[in-house]
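Asks: Protein chains in written order, with my numbering: chain A, 1381 to 1777; chain B, 1381 to 1777.
A few of these clues could be false.
[As the list claims (entries may be wrong)] A short, non-exhaustive set of chain A residues, derived as facing chain B with CB atoms under 7 Å:
| hint | residue |
| --- | --- |
| 1 | Arg1479 |
| 2 | Ala1593 |
| 3 | Asn1608 |
| 4 | Pro1610 |
| 5 | Met1630 |
| 6 | Leu1642 |
| 7 | Tyr1658 |
| 8 | Leu1660 |
| 9 | Phe1664 |
| 10 | Glu1667 |
| 11 | Ser1668 |
| 12 | Met1693 |
| 13 | Val1746 |
| 14 | Asp1747 |
[To be verified] Derived list of chain B stretches under chain A, where covered just means 3 residues or more per stretch with a C-beta under 8 Å from a C-beta of chain A:
| hint | region |
| --- | --- |
| 15 | 1584-1592 |
| 16 | 1634-1648 |
Read the hints as simulated data drawn from the structure, not as lab findings.
Just so you know, even glycine gets a beta-carbon here, dropped at the ideal spot from N, CA and C.
There are 2 protein chains.
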Amino acid sequence: MVATRHYLTESSTVATRHAVDAREARAVSLPSTGVGLVQTRFWHSPLPLMLESGATLHNWNLAYEAYGRLNAARDNAILIMHALSGDAHVAGRFSSQDRKPGWWDAMVGPGRAFDTNRFFVLCANVLGGCRGSTGPGSVNPLTEQPYRLDFPVITIGDMVAAQVRLLDALGVEQVRAVVGGSMGGMQVIELAVHYPERVRLAIPLATTARSNAQAIAWSSIGRRAITNDPAWQDGNYRAQPANGLALARMIAHMTYVSEERLDRRFDRSLQSPAGLRYVLDREFAIESYLDYQGQSFVERFDANSYLYITKAMDYWDVAANAPSLASAFAPARCRWLVASYSSDWLYPPAESELMVVAIRGSGGLVDYHPFTSSFGHDAFLLEEAALTPVLQAALAE
Amino acid sequence: MVATRHYLTESSTVATRHAVDAREARAVSLPSTGVGLVQTRFWHSPLPLMLESGATLHNWNLAYEAYGRLNAARDNAILIMHALSGDAHVAGRFSSQDRKPGWWDAMVGPGRAFDTNRFFVLCANVLGGCRGSTGPGSVNPLTEQPYRLDFPVITIGDMVAAQVRLLDALGVEQVRAVVGGSMGGMQVIELAVHYPERVRLAIPLATTARSNAQAIAWSSIGRRAITNDPAWQDGNYRAQPANGLALARMIAHMTYVSEERLDRRFDRSLQSPAGLRYVLDREFAIESYLDYQGQSFVERFDANSYLYITKAMDYWDVAANAPSLASAFAPARCRWLVASYSSDWLYPPAESELMVVAIRGSGGLVDYHPFTSSFGHDAFLLEEAALTPVLQAALAE
Chain A
1381 MVATRHYLTE SSTVATRHAV DAREARAVSL PSTGVGLVQT RFWHSPLPLM LESGATLHNW
1441 NLAYEAYGRL NAARDNAILI MHALSGDAHV AGRFSSQDRK PGWWDAMVGP GRAFDTNRFF
1501 VLCANVLGGC RGSTGPGSVN PLTEQPYRLD FPVITIGDMV AAQVRLLDAL GVEQVRAVVG
1561 GSMGGMQVIE LAVHYPERVR LAIPLATTAR SNAQAIAWSS IGRRAITNDP AWQDGNYRAQ
1621 PANGLALARM IAHMTYVSEE RLDRRFDRSL QSPAGLRYVL DREFAIESYL DYQGQSFVER
1681 FDANSYLYIT KAMDYWDVAA NAPSLASAFA PARCRWLVAS YSSDWLYPPA ESELMVVAIR
1741 GSGGLVDYHP FTSSFGHDAF LLEEAALTPV LQAALAE
Chain B
1381 MVATRHYLTE SSTVATRHAV DAREARAVSL PSTGVGLVQT RFWHSPLPLM LESGATLHNW
1441 NLAYEAYGRL NAARDNAILI MHALSGDAHV AGRFSSQDRK PGWWDAMVGP GRAFDTNRFF
1501 VLCANVLGGC RGSTGPGSVN PLTEQPYRLD FPVITIGDMV AAQVRLLDAL GVEQVRAVVG
1561 GSMGGMQVIE LAVHYPERVR LAIPLATTAR SNAQAIAWSS IGRRAITNDP AWQDGNYRAQ
1621 PANGLALARM IAHMTYVSEE RLDRRFDRSL QSPAGLRYVL DREFAIESYL DYQGQSFVER
1681 FDANSYLYIT KAMDYWDVAA NAPSLASAFA PARCRWLVAS YSSDWLYPPA ESELMVVAIR
1741 GSGGLVDYHP FTSSFGHDAF LLEEAALTPV LQAALAE
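Next comes chain A alone, as it looks inside the complex (with noise of 0.2 Å):
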């Protein structure tokens, strides 16, 4: 199971040609700076991965970052998971220009949630991603050319399973804990479950044990959004599907809002200063906002690699060859910390608390965190305050 480090290869991503080693950079980073200056590093699997569908991956590569020093032990990683649209940049920034350091940038670091000091954080991109990992928009090898919807078909188990790979290579048998929100939560799910002993502590946040038909759908409608834009070309675009990339942006991103926030910081209020235009064109600050993140997410996603992760997202029932949730869950020898949002409409506490019951059910060991929040399924990534001395009493023990 114990891989040995001959399997890794590194190189810069373009965004790092000005990054330094992340371990110079953290030696004369401040604690309050968190990680630092780090570079996104590349994995090469020298293995082919066989897929749940029957499929076979050959050549597959999964970008990652690692903060802090792997102990002797080798006891003492933590396994970030992502989210639909993030990525292996979880912490730091690659260059001093940087703007915007990685997405859950402070709960790692020095003296943060996952304490750098005292552990070996890791967070892969997702197979099918397009930050790195292998995905659509990578080579084909029998090809030679992009795979585009050539590529398989993947699921949470797929993406688990090429984690595992990752961890094999880099000496890790068993994570401290592996944690996430989200898609990132199932694959937290999947790896306790599927991978009993590589597990210590598991902490799924805001997330379910398996898609229901309101998460389907919203999935399926983002994808008819992208499918729907003629730029798609059934998948061979040259330049992205920008209008149905960023209306299925829009639609997700209301999923992870709540009526609450949106009221507080926009109500009914208008572009612009001179009233009412009575015009079909935007005219609220709501409509521009809107927007604003679907343009961005253009920059930054891309479209075959947004329908790929969201089918995986749908195909997600850890209970699927399970007569019960409970006998699912049976399988785990983790502890298990579970968070829930109050106002999260996507995956709302309800999903929680049939996790933490059939857990409970299964034999297993778990604290509930039923937070209370604004907002809505985001705050997993935004009630960083809250959630970190939660985190740092499970990983004190």
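Using the hints provided, position chain B relative to the given structure of chain A.
Replies: Using the frame of chain A, we list chain B on its own:
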């Protein structure tokens, strides 16, 4: 104010080719069969309509249906206001071959909530609509071409002003009640507040006194789905922008239903009994259901009308020119019956409660019925059995 009948013109829609006179049909129908055979009528306004935007609409019509008889005192009219995708065809069938009755058939007829033995029940297709009333698909008298996007932007106030002209033409000075759900409820409020002498009882169901950021966002996203479709051709399509309009309907449909009902009805059931196919295309029953909702909408609703009517809903704010919600309701002189539905997340009960507080604060009399229902926003159409006795009691007073 009271106009004479000579403004009335009547003709048949294509759908009523085989229809017989409504009164004749009712004479032979049993009470349990509702209003029997009906036909849509058309009223042509002899006067232009000044719109809130400042534009003027010339040569405009309203399509309407009427069931029961206006009594000699002309005080037994009930005006039904339809929602976004509704029309004047509330009850009955156009022919004996007609597969489906009107959209609120169970509520209208002898012995039903709106008892046609007692009441003259009236409903007009809204201005901007595509079911017989003047809208963007109508011919512009100035150019003798369809308006398309030359149609002026309209508001809920404009829709109601047009219906007040119809009431004038029919000789109805005051309606016994005005009732409607969703956008219909907006019109109910508008009529009660801006034409206080015309209403005895106002019944807004599953609605809001002002469209909030969330409602505007979904509305805007639906319009984007349509305008993203190249077949829309800036409104100048000959064939409907079917992909875009279907997608808009799929999105809207999701905002009308509840997670609970979707889950109870579809859960994770697959379209194919052969199991998962691992393809990007639709595999789950909920996906095919949404697809059906979209496709069938394209057959009955015009894309440009969808743009104009959703825009009118976005403008809706009864308190736009008032210092408070209570002062906005102050001009009303009617009694109120307000109903909300627990699982309605588009116009949640809290929106109705704000309205109830405002009406009471303005000195108005209001009965509030917060129904418990799992049907989501659509409950106002589906919880007929629960609503009927409440309406009957209110109309008996």
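Asks: Take the hints in turn and mark each one as holding or not.
Replies: Going down the list of hints, with the structure as the test:
1. Given hint, Arg1479/A at the interface with chain B, is violated; its Cβ is 27 Å from that chain's nearest Cβ, farther than 7 Å.
2. Hint on Ala1593/A holds. Least Cβ distance to chain B is approximately 4 Å, under the 7 Å limit.
3. Among the interface hints, the one on Asn1608/A holds; its C-beta lies about 5 Å from the nearest C-beta in chain B, closer than the 7 Å criterion.
4. For Pro1610/A, the interface hint holds, since its Cβ comes within 7 Å of a Cβ in chain B; the closest pair sits about 6 Å apart.
5. Annotation: interface hint on Met1630/A holds; nearest CB of chain B at approximately 5 Å, less than 7 Å.
6. A distance limit of 7 Å between C-beta atoms decides the matter here; for Leu1642/A the minimum to chain B is near 4 Å, and the interface restraint holds.
7. Taken as an interface hint, Tyr1658/A checks out: its beta carbon lies about 4 Å from the nearest beta carbon of chain B, inside 7 Å.
8. A cut of 7 Å between beta carbons decides the hint on Leu1660/A: the least distance to chain B is about 5 Å, and the hint holds.
9. Hint status for Phe1664/A: holds, given a least beta-carbon distance of 5 Å to chain B, under 7 Å.
10. A least Cβ separation of about 4 Å between Glu1667/A and chain B falls short of the 7 Å threshold, and the interface hint therefore holds.
11. With 7 Å as the threshold, the beta carbon of Ser1668/A stays out of range of chain B, its nearest partner Cβ sitting at about 10 Å, so the hint is violated.
12. Among the interface hints, the one on Met1693/A is violated; its C-beta lies about 12 Å from the nearest C-beta in chain B, farther than the 7 Å criterion.
13. Nearest Cβ of chain B to the Cβ of Val1746/A: about 23 Å, over the 7 Å cut. The hint is violated.
14. Nearest Cβ of chain B to the Cβ of Asp1747/A: about 26 Å, over the 7 Å cut. The hint is violated.
15. Check on the region 1584-1592 of chain B: 3 of its residues sit with their Cβ under 8 Å from a Cβ of chain A, so the three-residue criterion for coverage holds.
16. Under a criterion of three residues with beta carbons nearer than 8 Å to beta carbons of chain A, the stated coverage of the region 1634-1648 of chain B is upheld, 8 such residues being counted.
Violated hints, listed in ascending order, are 1, 11, 12, 13 and 14; each of the other numbered hints is respected by the structure.
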